[in-house]
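**Q** Both chains are given apart, each in its own frame, so use the hints to dock them into the complex.
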Amino acid sequence: MATDGSESGVSSKQRQFDALVRSLSGDLYRYGYWLCSEEALAHDLVQETFLRAWRSLDSLRDTASAKAWLITILRREHARLYERKRPQFEDVDEMDVADEREAYTPEAAGEEGVIRAAMQRLDAKYREPLLMQVLGGFSCEEIAQELNITPAAVMTQVFRARQKLKGMLAGDVKEAQWS
Amino acid sequence: MVMNCLEFRRELNIHPHSADADFVAHARECPRCAHAQADALAFEAALGRALDVPAPTHLAESILLAQATAQRRERRHWRRDASWLAVAAAAVLAVGIGWRVTRAQPLGDAAVVHMLGEEAPALAYTAPVAADAVRKAFAQRGVDLTQVPSDISYVACCPVGKYKSVHMVMPRANGPVTVMYLVDDHSGRTSDFAHAGWLGRSVPLAHGTLVMIGHDASQFDQVQQIWNAALQTATRI
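Chains B and A are the protein sequences, given in the same order.
Its first residue numbered 1, the first sequence is counted upward by one per residue in the working numbering.
Its first residue numbered 1, the second sequence is counted upward by one per residue in the working numbering.
Next comes chain A alone, as it looks inside the complex (with noise of 0.2 Å):
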């Protein structure tokens, strides 16, 4: 025997259920420990009932509430700052002070106050969608987009004031990037902009035009060859 009794005791009060091959080898030709693990695992088979207190009924339920209960109050949250943004970016505009009108500024007035108002809390999320619920987005928009960008954390089709977008977003390494592309938008160069503390560049592309918005314009060129990639196998339907 290669354990000594006096091992095979401190193991078994330290792994009751041990399967190493010395331990159960000194199970099997002493009696005395054989005896001694059987009572072990008596032990052990008790001590698990008892710790097996029953958990609340609806305990689960109960939490998956209070999980629901609070992502809602963060949403009206979200909401109330959104529209205290959009009435204070209203009322820079409003005064004609803190930045310079171009022609791209409508549309990023309307992206980012899309953006910062129902679909806000989307900002948060970092778990990848399925390429299909983005392919299936596109189609809606009549785009069959066959090459599918990964690291998108959202996607829906929404409308950004008079424009029909698909609405996205990328986390990055320095915060998410929103991405909207606007089918069929034609009427504009590329250009960059800024609303309400974010920064924003729309950029003519394939069969529209896409907009990115964020706080670190540098990740806008990686996101830009991202989809310029992705939308030039793309067709209209």
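Looking at chain B on its own, in the form it has when it is part of the complex (with noise of 0.2 Å):
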């Protein structure tokens, strides 16, 4: 077989997916870290995103919307995962969640780690638009579709998270300026 043509064919889909695993792999796995608070996790759920979106690249029509493609992906198979590893998590205890956010102190983590582990302790309801809004940089619109639920629930949730997280940093960070 002479390759001239057919490699045209073939690496324009192989060129898309590079620039898209370039370009957009870094947020996906933020964002996956922050849906599952695990690093070996998130690094999985990523691989198995973008393996699941070069299988269906051809459905993507607009590159504007890669990134909110991917993510919904992302939050499907963060949601097989879960159910599949649920299991793990149900012997934990309360005391070993507490010696977890004992290790993000101020001294240890510094003002980020402090915010990070308050991220963690936030009720996924809140977390997760406040994530699409601040690292997806999505509408509430947007959000809301993603979440199929109302854009007016989505401004509720992502103000609630807001002052939540506020009111645990004020609680963590006496000296927290935000408070």
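Keep in mind the hints are simulated off the structure, nothing from the lab.
Among the hints, erroneous ones may be present.
Once the Cα atoms are required to be at most 20 Å apart in a straight line, the calculated SDA-like pairs of lysine to any residue come out as [unchecked claim]:
id : chain 1 : residue 1 : chain 2 : residue 2
1  : B       : Lys166    : A       : Asn13
2  : B       : Lys13     : A       : Pro128
3  : B       : Lys164    : A       : Tyr125
4  : B       : Lys166    : A       : Ala70
5  : B       : Lys164    : B       : Glu112
6  : B       : Lys166    : A       : His35
7  : B       : Lys13     : A       : Ala70
8  : B       : Lys13     : A       : Leu64
9  : B       : Lys166    : A       : Ala45
10 : B       : Lys166    : A       : Ala42
11 : B       : Lys67     : B       : Arg52
12 : B       : Lys164    : A       : Pro171
13 : B       : Lys164    : A       : Ala38
14 : B       : Lys164    : B       : Glu111
15 : B       : Lys166    : A       : Leu41
16 : B       : Lys13     : A       : Tyr125
17 : B       : Lys13     : A       : Pro171
18 : B       : Lys67     : B       : Glu111
19 : B       : Lys166    : A       : Leu51
20 : B       : Lys13     : B       : Arg75
21 : B       : Lys164    : A       : Leu51
22 : B       : Lys125    : B       : Arg75
Here's a subset of chain B near chain A, in silico, CB distances under 10 Å, partners left out [unchecked claim]:
id : residue
23 : Lys13
24 : Cys36
25 : Val46
26 : Glu48
27 : Leu81
28 : Met119
29 : Arg121
Backbone N, C-alpha and C define an ideal beta-carbon position, used for all residues, glycine too.
**A** Below, the structure is given as structure tokens:
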């Protein structure tokens, strides 16, 4: 087989995929990390997301919506992974969680570590819309569409997410200036 | 002021970076809310830094490697299936059941076996290739194709049995149609064939023979029309 023509056809899809991976894998990893709070799991999640994306790359019509499309795949994959992994987390008692939290002291992790610890303690229903807004750069309407809730509910959740986060930080860091 | 302090504080917790005119005007005119906004923006900056966890080194490369590995595995799977299909088809031919022998059958056999062999993954491609790539493949076979049909997702110059072809895939509504143009083959007339569960048609057209293969033969008429129009204006180099 001569490869001149075929390479053009195969590599256009491959080039598109390479570009997506190189430009968005970091963002996807961060989003995945904040969904599952585990580095290794986040890595697997992002890899599986891109493998699924490769298989259905032809359904991506608009490059501007690539990030939202990938996040949708990642969220579904996370839901599947969570279902499979859930029993592992059922035995974690409150003491374990408390110990883990203690690692994130201002001294040990600095201001960002304190915020990270607070984010991990934030209820998922508040954390996810906030993540989509801050990390994903999505509007409330876009978040509403992705989460299948109303834009008004999204506004309420991001409002409460910030309030709760600031409340937790005020408790953790006495000198927090935004309390 | 159109926006009051309560509305401003609510908006501040929802859209801290809001550029809404009322929001901006309120911050300009209310020192307490302007101070709250400065705090909120400092919080947003800290939040952004905190969420910006570092991605693993070589994350992109590891994903691309996993994709390449998965793709190779898929190809091997296709080849194994293709080999099995070829063996099954040969067995059916040997016992002389299943289909009638026609003049086009050897060409059809060769075309289907080729399609299911090395090029099997091409059936899954749907992104269009550049018109130049198609033109170049035809030029390599000695045909100057001025009018290139759209919706070609794969093109390559391939030997199909004893024939030299331009091998293409055209995604259609009811599944892909593999199109092979055999330049300088004038040995037959229009005929339909079936092989290994696939349907095909070969048609003498312009400077050679057009072979179409797919699961839905009703799509062949349209594909034939497209290539009839394209090859009308094509010249032999």
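**Q** Against each hint, give a clear statement of whether it holds in the structure.
**A** So, going through the hints one by one against the coordinates:
Simply put, B:Lys166 and A:Asn13 have alpha-carbon atoms about 11 Å apart, close enough for the 20 Å limit, and the pair holds. Of the supplied pair hints, the one linking B:Lys13 and A:Pro128 holds, its CA atoms being roughly 9 Å apart against a limit of 20 Å. Straight-line distance between C-alpha atoms of B:Lys164 and A:Tyr125 comes to about 48 Å, which puts the hinted pair past the 20 Å bound. Taking the CA atoms of B:Lys166 and A:Ala70, the gap is about 45 Å. The hint is violated against a cut of 20 Å.
At roughly 16 Å between alpha-carbon atoms, B:Lys164 and B:Glu112 fall within 20 Å of each other, so this suggested pair holds. For the hint linking B:Lys166 to A:His35, the alpha-carbon distance of about 16 Å falls within 20 Å, and the restraint holds. For the proposed pair B:Lys13 and A:Ala70, the alpha carbon gap of about 15 Å is at most 20 Å, so the pair holds. A distance of roughly 13 Å separates the Cα atoms of B:Lys13 and A:Leu64; the hinted pair therefore holds under the 20 Å criterion.
A distance of roughly 13 Å separates the Cα atoms of B:Lys166 and A:Ala45; the hinted pair therefore holds under the 20 Å criterion. Taking the CA atoms of B:Lys166 and A:Ala42, the gap is near 12 Å; set against the 20 Å cutoff, the hint holds. At roughly 14 Å between alpha-carbon atoms, B:Lys67 and B:Arg52 fall within 20 Å of each other, so this suggested pair holds. As the CA atoms of B:Lys164 and A:Pro171 are separated by approximately 52 Å, the hinted pair breaks the 20 Å bound.
Taken as a hint, the B:Lys164 and A:Ala38 pair is honoured in the structure, with Cα atoms around 19 Å apart against an allowance of 20 Å. For the hint linking B:Lys164 to B:Glu111, the alpha-carbon distance of about 17 Å falls within 20 Å, and the restraint holds. Restraint check for B:Lys166 and A:Leu41: the C-alpha separation of about 13 Å stays at or below 20 Å, so the hint holds. With a CA separation close to 8 Å, the supplied pair B:Lys13 and A:Tyr125 stays within the 20 Å bound.
Using a Cα cut-off of 20 Å, the hinted pair B:Lys13 and A:Pro171 holds, with the two alpha carbons roughly 15 Å apart. Distance hint between B:Lys67 and B:Glu111 is unfulfilled; the C-alpha atoms sit about 29 Å from each other, more than 20 Å. Our distance criterion of 20 Å between C-alpha atoms is met by B:Lys166 and A:Leu51, whose separation comes to about 15 Å. For the given pair, B:Lys13 sits about 24 Å from B:Arg75 by alpha-carbon distance, which is inconsistent with the 20 Å threshold.
Under the criterion of a C-alpha separation no larger than 20 Å, the hint pairing B:Lys164 with A:Leu51 is consistent with the structure, at around 16 Å. In summary, the hint linking B:Lys125 to B:Arg75 is supported, as the alpha carbons are separated by about 13 Å, within the 20 Å threshold. A hinted interface residue such as B:Lys13 counts as satisfied when its beta carbon comes closer than 10 Å to some beta carbon of chain A; here the least separation is about 5 Å, so the hint holds. With its C-beta approaching chain A no nearer than about 12 Å, B:Cys36 sits outside the 10 Å limit, and its interface hint is violated.
With its C-beta approaching chain A no nearer than about 7 Å, B:Val46 sits inside the 10 Å limit, and its interface hint holds. For the restraint placing B:Glu48 at the interface with chain A, the shortest Cβ-Cβ distance is roughly 9 Å, inside the 10 Å limit, so the hint holds. Because the beta carbon of B:Leu81 sits about 16 Å from the nearest beta carbon in chain A, more than 10 Å, this interface hint is broken. Here the hint on B:Met119 is kept, as its CB sits about 7 Å from the closest CB of chain A, short of 10 Å.
The beta carbon of B:Arg121 comes no nearer than 13 Å to any beta carbon in chain A, farther than 10 Å, and the hint placing it at the interface is violated.
Violated hints, in rising order: 3, 4, 12, 18, 20, 24, 27, 29; the structure is consistent with all others.
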